[in-house]
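Here is how the chains run, residue by residue.
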Amino acid sequence: GEDVEQSLFLSVREGDSSVINCTYTDSSSTYLYWYKQEPGAGLQLLTYIFSNMDMKQDQRLTVLLNKKDKHLSLRIADTQTGDSAIYFCAERRYSSASKIIFGSGTRLSIRP
Amino acid sequence: DTAVSQTPKYLVTQMGNDKSIKCEQNLGHDTMYWYKQDSKKFLKIMFSYNNKELIINETVPNRFSPKSPDKAHLNLHINSLELGDSAVYFCASSQGADWRGDRTDTQYFGPGTRLTVL
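Which chain is which? The protein sequence lines are V and Z, in order.
With my numbering, letter number 112 in the first sequence gets 1235, and the count goes up by one each step, no holes.
With my numbering, letter number 41 in the second sequence gets 265, and the count goes up by one each step, no holes.
Everything labelled a hint here was simulated from the structure, so no lab data went into it.
Each residue gets a CB set at the ideal place from its N, CA and C atoms; glycine is no exception.
One or more of the hints may lead you astray.
Pairwise CB distance ranges, derived in the manner of DEER restraints [stated by the list, open to error]:
{"no.": "1", "chain 1": "Z", "residue 1": "Glu282", "chain 2": "V", "residue 2": "Lys1179", "range": "26 to 32 Å"}
{"no.": "2", "chain 1": "V", "residue 1": "Ser1219", "chain 2": "Z", "residue 2": "Asn286", "range": "18 to 24 Å"}
{"no.": "3", "chain 1": "Z", "residue 1": "Thr330", "chain 2": "V", "residue 2": "Glu1137", "range": "40 to 46 Å"}
{"no.": "4", "chain 1": "V", "residue 1": "Tyr1217", "chain 2": "Z", "residue 2": "Leu342", "range": "41 to 47 Å"}
{"no.": "5", "chain 1": "Z", "residue 1": "Arg287", "chain 2": "V", "residue 2": "Ala1164", "range": "38 to 44 Å"}
{"no.": "6", "chain 1": "Z", "residue 1": "Thr231", "chain 2": "V", "residue 2": "Arg1183", "range": "32 to 38 Å"}
{"no.": "7", "chain 1": "Z", "residue 1": "Lys246", "chain 2": "V", "residue 2": "Tyr1217", "range": "31 to 37 Å"}
{"no.": "8", "chain 1": "V", "residue 1": "Arg1198", "chain 2": "Z", "residue 2": "Thr330", "range": "19 to 25 Å"}
{"no.": "9", "chain 1": "Z", "residue 1": "Phe266", "chain 2": "V", "residue 2": "Gly1205", "range": "21 to 27 Å"}
{"no.": "10", "chain 1": "Z", "residue 1": "Gln238", "chain 2": "V", "residue 2": "Ser1174", "range": "44 to 50 Å"}
Calculated pairs, DSS-like style, for lysine-lysine (alpha carbon to alpha carbon, straight line, at most 30 Å) [claimed, not checked]:
{"no.": "11", "chain 1": "V", "residue 1": "Lys1193", "chain 2": "Z", "residue 2": "Lys264"}
{"no.": "12", "chain 1": "Z", "residue 1": "Lys276", "chain 2": "V", "residue 2": "Lys1222"}
{"no.": "13", "chain 1": "Z", "residue 1": "Lys268", "chain 2": "V", "residue 2": "Lys1222"}
{"no.": "14", "chain 1": "Z", "residue 1": "Lys291", "chain 2": "V", "residue 2": "Lys1159"}
{"no.": "15", "chain 1": "V", "residue 1": "Lys1191", "chain 2": "Z", "residue 2": "Lys265"}
{"no.": "16", "chain 1": "V", "residue 1": "Lys1190", "chain 2": "Z", "residue 2": "Lys246"}
{"no.": "17", "chain 1": "Z", "residue 1": "Lys243", "chain 2": "V", "residue 2": "Lys1159"}
{"no.": "18", "chain 1": "Z", "residue 1": "Lys246", "chain 2": "V", "residue 2": "Lys1222"}
{"no.": "19", "chain 1": "V", "residue 1": "Lys1191", "chain 2": "V", "residue 2": "Lys1159"}
Chain V on its own, in the form it takes in the complex (with noise of 0.2 Å):
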């Protein structure tokens, strides 16, 4: 919705490294987060850069923001089980800097 899309589904194996992407279309995003929503529970906000940063380390997770191209990426290393969840991408805009503007999020499945 209002222009930040991510693709619906993604499956990966156990161990391996998941990357999920993220498009929006307005260059006065200031930042841009990434929510975690399990099953039946509210969500999480799992990290966030801000539009000035290129990369951001939390543990397991990576962000990459390539602000040129408009592309978010999240990426879950060495993915478990404990990581099934839809994944939400979402700016805020210095526009409209009081909300924040949710993509439809990425279902992550994981195989054994």
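Dock chain Z against chain V, hints included.
Then chain Z, alone, in the frame of chain V:
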């Protein structure tokens, strides 16, 4: 010690009824939000209050009315429920303000209320 709580967790009701969902946060945040998540998991903001003042009101039918008695509470009242109102409704809160500054203003979400209209 729950940060953002919502009641009820499940709500099943008939078309035409009026119902309320309550939200409370104990994080000391100034801003609270209501989101609607449809069956395809698409998440859309409905309302936001900052210090009890309405700051975001997306194109939501007038049947939906938020009420913020104080900074820690934001309730959602829905009149004349319709089938299309069936969804999961999430409350969230954040520190708020200075959104164009260098603060991320992380939003913390409640567990959601699954509303089913029959």
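Quick one, are Lys1190 (chain V) and Lys246 (chain Z) close enough, alpha carbons at most 30 Å? Roughly 39 Å between the alpha carbons, so the hint for Lys1190 (chain V) and Lys246 (chain Z) is violated.
C-beta pair Glu282 (chain Z), Lys1179 (chain V): status relative to the range 26 to 32 Å that was hinted: The hint (26 to 32 Å, Cβ to Cβ) holds, given that Glu282 (chain Z) and Lys1179 (chain V) are roughly 30 Å apart.
Please test the hint of 44 to 50 Å on the beta carbon pair from Gln238 (chain Z) and Ser1174 (chain V). holds, 47 Å
Quick check on a hinted range of 41 to 47 Å for Tyr1217 (chain V) and Leu342 (chain Z), using CB atoms only. With Cβ atoms ~43 Å apart, the hint holds.
Mind checking the alpha carbons of Lys291 (chain Z) and Lys1159 (chain V) for me, to see if they're no more than 30 Å apart? holds, 28 Å
Starting from the range 18 to 24 Å, see whether the pair Ser1219 (chain V) and Asn286 (chain Z) falls in it by beta-carbon distance. The hinted range 18 to 24 Å holds for Ser1219 (chain V) and Asn286 (chain Z), with Cβ atoms some 22 Å apart.
Please verify whether Lys268 (chain Z) and Lys1222 (chain V) have alpha carbons no more than 30 Å apart. holds, 10 Å
40 to 46 Å was suggested as the range; check whether the CB atoms of Thr330 (chain Z) and Glu1137 (chain V) agree with it. Roughly 30 Å apart at Cβ, these two residues miss the hinted range, so it is violated.
So does Thr231 (chain Z) sit 32 to 38 Å from Arg1183 (chain V), Cβ to Cβ? holds, 35 Å
Between Phe266 (chain Z) and Gly1205 (chain V), does the beta-carbon spacing fit 21 to 27 Å? At roughly 25 Å between Cβ atoms, Gly1205 (chain V) and Phe266 (chain Z) fall inside 21 to 27 Å, so the hint holds.
Distance restraint hint 19 to 25 Å, applied to the beta-carbon atoms of Arg1198 (chain V) and Thr330 (chain Z): holds, 21 Å
Assess, step by step, whether the Cα of Lys1193 (chain V) is no farther than 30 Å from the Cα of Lys264 (chain Z), and give holds or violated. Holds, at roughly 24 Å.
Checked against the numbered hints above, the structure breaks hints 3, 5, 16 and satisfies the rest.
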